[in-house]
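Asker: Sequence:
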Amino acid sequence: MRKPITAIANVLALLVASVMTFARAADNQSATQLSNLVRQDCGSCHGLTLKGGLGPSLRPERMQALGVDAIRLIIADGKPETAMPPWRDLLTEQDIRRIAQDLMSGAYIGEHSSTEESP
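For the sequence shown, the numbering used here gives the first residue as 588, with consecutive numbering after it.
Rather than coming from a laboratory, the hints here were simulated on the basis of the structure.
Glycine included, each C-beta is placed from N, C-alpha and C at the ideal position.
It is possible that some hints are incorrect.
Listed next, with one range per pair, are the computed distances between beta-carbon atoms [said to hold, decoys possible]: (1) Thr619 <-> Pro667: 18 to 26 Å; (2) Glu668 <-> Ser617: 12 to 20 Å; (3) Thr679 <-> Gln627: 15 to 23 Å; (4) Gly697 <-> Asp676: 25 to 33 Å; (5) Leu635 <-> Pro672: 13 to 21 Å; (6) Thr619 <-> Glu668: 32 to 40 Å; (7) Ser631 <-> Gly693: 15 to 23 Å; (8) Arg675 <-> Gln627: 18 to 26 Å; (9) Glu668 <-> Gly697: 26 to 34 Å.
All chains should be built: construct the whole structure from the sequences, respecting the hints.
Answerer: Here you go:
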């Protein structure tokens, strides 16, 4: 009687491991897509190295002064009377929060190490 229970437990363990692996792969793909979005879309106004351009700097020093909730709201709702558009209809709340957290941590800095941009 123990063999069927052990077999079921092994199958369940394999299933859980497979689901977790799939979730990690999906999370990595999402992170890559968000990184590309920040580099291409945000970088077009905020500079390829996020030091600023048409829009202000998105470097960690400035982002930490704002805080994750303020950054999240700016991304979601944009900034009236500026070129900053709202992203609420294009991104999930989870993606908006992740971008805000990544901007604060500097996760997007150094991705263009071969690209030099004038200050």
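Asker: Of the hints stated earlier, which fail here?
Answerer: Hints 1, 2 contradicted; others consistent.
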